[in-house]
Amino acid sequence: MNPHWVDVTGRGVISSAGFSIADFTSTIMSGRTMIGDITDICNDVRFTNGAVIRNFDANAHFDERTLGNLDRFSQFAAVAGRQAVAEAKLADAIIDPARIAVIIGTANGGGDILEEGYQRIYEEQRKPRPLTIPMSMSNAPASRIAKEIGARGPVFGVSSACASTNHAVMMGLMMIRSGLVDVAIVGGTDSCGYASYFKVWDVLRAVSPETCRPFSTGRKGLIIGEGAGVLVLERAGQAAARGVKPVAHLAGGGMSSDAGDLIAPDSSGMAMAMRAAVADAGVAPDQIGYVNAHGTGTVANDRSESSAINEIFGGNRERISVSATKSIIGHAMGASGALEAMATIAALQTGMIPPTVNFTSADPECDVDATPNEPRQREIEMALSNSFAFGGLNVSLAFARAQG
Amino acid sequence: MGFMRSEMQDKSIEFSMDTPLEGVKIDSIDVIHVIFKVEEEYGATVDMAPDSKFATVGEFVNALIDFIPADKKVDA
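Residue numbers (the working numbering), protein chains in the order written: chain G, 1 to 404; chain D, 1 to 76.
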């Protein structure tokens with residue numbers, strides 16, 4: 001195994017597709033979309049659907065005092081973090097707390113508590129809640145996870161819109177490779193199911209008025225989702241001492257900037273990130289069997305991403321599968337990379353490519369095998385997971401099937 | 001004193017005005033909640049930093065009382 005690869009030893013997820021890795025995997029492989037009506041939250045925008053988490057019982061996970069100090073995005077991350085730490089059996093590990101990093105991405109920060117604060121200030125003429133600042137800060141999820149597990153090393157938040165998770169994962173990867181830490185707990189979280197968030201997306205005109213159809217004809221935009229995902233990264237082989245096998249390897253990653261348009265995608269920047277990820281993993285492009293695409297369902301993203309995929313992988317539709325998990329769970333913004341990393345690892349583990357659902361017919365401008373509507377059995381050794389962000393930021397992660 | 005008890009992590013701890021503040025196990029977040037409750041309940045403006053140092057519960061409580069408007073101090 002390439003010495004630059006690191007092990008993924010734990011995973012956790014809170015999503016509209018389930019609150020465990022097993023449920024999440026089952027849902028995305030079944031292709032059962034979680035997109036549904038959101039008009040009870042907001043009914044005066046141009047769209048009526050979202051992939052909102054409806055039945056997360058925070059009281060089952062936190063006592064009343066703690067819950068009063070944690071905004072919803074931190075709650076998601078903390079619970080996903082507990083799952084990841086449990087799968088990795090970190091409680092059995094003998095690791096210097098100063099050599100444990102926690103790096104969690106978020107696009108929005110604590111939007112729920114900010115929305116409540118604005119309502120109190122402007123509508124009710126009351127003071128905001130006293131902990132609005134520490135609850136809404138973008139490092140709150142990382143700090144909470146660090147507190148729960150006693151991590152005393154590098155702990156911080158990363159915010160780069162929809163690439164937040166993948167940038168956080170890259171930080172963890174580099175810290176382990178450099179020898180700075182022994183364990184990096186990385187991921188992303190965002191809570192998006194509140195009215196003002198729907199309204200600010202509405203005026204951007206990027207949300208589909210019906211559903212999310214990545215790479216398909218008739219696609220009309222993204223669907224807003226939410227959730228959290230956390231991965232435990234460790235130096236290769238380290239976990240064997242406590243009887244833990246990796247669930248996958250994080251082989252590498254690539255980052256790029258378009259240095260151009262604020263919101264319009266640039267296929268050259270996407271291609272740069274994917275090319276860099278493949279090179280960083282130390283493999284050839286033909287060793288990649290699957291790309292979990294950023295695949296937002298907007299006309300421009302999917303066209304640009306298809307072009308970039310074909311630039312890197314030679315346009316051989318038969319050799320590489322592509323799919324967009326956002327058609328099932330929506331666009332979880334800063335957490336999207338985390339949830340899609342889970343889908344990518346699931347594909348490596350199960351030999352099944354999760355489908356792109358809501359697919360009607362192939363768009364000639366998206367010349368990729370988008371795995372339309374049904375999962376596909378395909379044993380793969382390596383896969384990419386793409387995240388691209390407003391601001392022209394692109395990150396592609398390369399995962400490999402667990403060896404040994 | 002009642003506001004303090006409501007914010008304490010361990011509500012079984014007995015305390016009086018002479019109890020050292022560190023003995024009641026309230027952290028910086030609890031202090032902010034107590035200050036906020038005093039402001040909401042008594043219409044006070046408490047100009048006190050959350051990291052202000054007080055030796056005892058009594059010092060902290062009396063410092064808060066100083067910020068309560070005179071016409072509401074009977075209730076406090």
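Accuracy of the hints is not assured; some may be wrong.
To be verified - Under 8 Å between C-beta atoms, here's a sample of chain D residues computed to sit facing chain G: (1) Met-4; (2) Ser-12; (3) Phe-36; (4) Asn-62; (5) Ile-65.
What the hints assert, rightly or not - Under the rule of at most 30 Å between Cα atoms (straight-line distance), these lysine-lysine pairs were calculated in the DSS-like manner: (6) Lys-37/D to Lys-25/D; (7) Lys-199/G to Lys-37/D; (8) Lys-73/D to Lys-25/D; (9) Lys-53/D to Lys-72/D; (10) Lys-53/D to Lys-73/D; (11) Lys-25/D to Lys-72/D; (12) Lys-37/D to Lys-11/D; (13) Lys-127/G to Lys-245/G; (14) Lys-11/D to Lys-53/D; (15) Lys-245/G to Lys-147/G; (16) Lys-127/G to Lys-147/G; (17) Lys-11/D to Lys-72/D; (18) Lys-73/D to Lys-127/G; (19) Lys-37/D to Lys-72/D; (20) Lys-127/G to Lys-37/D; (21) Lys-53/D to Lys-127/G; (22) Lys-37/D to Lys-147/G; (23) Lys-89/G to Lys-72/D; (24) Lys-11/D to Lys-25/D; (25) Lys-199/G to Lys-11/D; (26) Lys-53/D to Lys-25/D; (27) Lys-72/D to Lys-147/G; (28) Lys-73/D to Lys-37/D; (29) Lys-37/D to Lys-53/D; (30) Lys-73/D to Lys-147/G; (31) Lys-11/D to Lys-245/G; (32) Lys-127/G to Lys-89/G; (33) Lys-11/D to Lys-73/D.
To be verified - Residues of chain G placed beyond 12 Å of chain D at every Cβ, according to the derived structure: (34) Asp-63; (35) Pro-128; (36) Leu-131; (37) Asp-182; (38) Val-200.
I should point out that these hints are in silico values taken from the structure, not numbers from a laboratory.
Backbone N, C-alpha and C fix where the C-beta goes; we use that ideal spot for every residue, glycine too.
The hints, checked one at a time:
1. Met-4: 14 Å, violated
2. Ser-12: This interface hint is violated because 14 Å lies over the 8 Å limit.
3. Phe-36: Cβ of Phe-36/D sits 4 Å from chain G, so the hint holds.
4. Asn-62: 21 Å, violated
5. Ile-65: Violated - the Cβ of Ile-65/D stays beyond 8 Å from chain G, reaching only about 19 Å at its closest.
6. Lys-37/D to Lys-25/D: 18 Å, holds
7. Lys-199/G to Lys-37/D: 33 Å, violated
8. Lys-73/D to Lys-25/D: 26 Å, holds
9. Lys-53/D to Lys-72/D: 25 Å, holds
10. Lys-53/D to Lys-73/D: 23 Å, holds
11. Lys-25/D to Lys-72/D: 28 Å, holds
12. Lys-37/D to Lys-11/D: Within the cut-off at roughly 17 Å; holds.
13. Lys-127/G to Lys-245/G: 51 Å, violated
14. Lys-11/D to Lys-53/D: 22 Å, holds
15. Lys-245/G to Lys-147/G: 26 Å, holds
16. Lys-127/G to Lys-147/G: 28 Å, holds
17. Lys-11/D to Lys-72/D: 27 Å, holds
18. Lys-73/D to Lys-127/G: 22 Å, holds
19. Lys-37/D to Lys-72/D: The given pair, whose Cα atoms are some 14 Å apart, holds under the 30 Å limit.
20. Lys-127/G to Lys-37/D: 11 Å, holds
21. Lys-53/D to Lys-127/G: Holds: Lys-53/D and Lys-127/G sit about 25 Å apart, inside 30 Å.
22. Lys-37/D to Lys-147/G: 26 Å, holds
23. Lys-89/G to Lys-72/D: Status violated; Cα separation ~55 Å.
24. Lys-11/D to Lys-25/D: 10 Å, holds
25. Lys-199/G to Lys-11/D: 43 Å, violated
26. Lys-53/D to Lys-25/D: 14 Å, holds
27. Lys-72/D to Lys-147/G: Roughly 40 Å between the alpha carbons, so the hint for Lys-72/D and Lys-147/G is violated.
28. Lys-73/D to Lys-37/D: 15 Å, holds
29. Lys-37/D to Lys-53/D: Within the cut-off at roughly 19 Å; holds.
30. Lys-73/D to Lys-147/G: 39 Å, violated
31. Lys-11/D to Lys-245/G: With Cα atoms ~43 Å apart, Lys-11/D and Lys-245/G exceed 30 Å; violated.
32. Lys-127/G to Lys-89/G: The hint is violated at about 43 Å.
33. Lys-11/D to Lys-73/D: Cα-Cα ~25 Å, so holds.
34. Asp-63: Answer for Asp-63/G: violated, closest chain D Cβ roughly 9 Å.
35. Pro-128: 10 Å, violated
36. Leu-131: 6 Å, violated
37. Asp-182: Asp-182/G is indeed farther than 12 Å from all Cβ atoms of chain D, at 29 Å.
38. Val-200: Correct as stated: the minimum Cβ-Cβ distance to chain D is 29 Å, above 12 Å.
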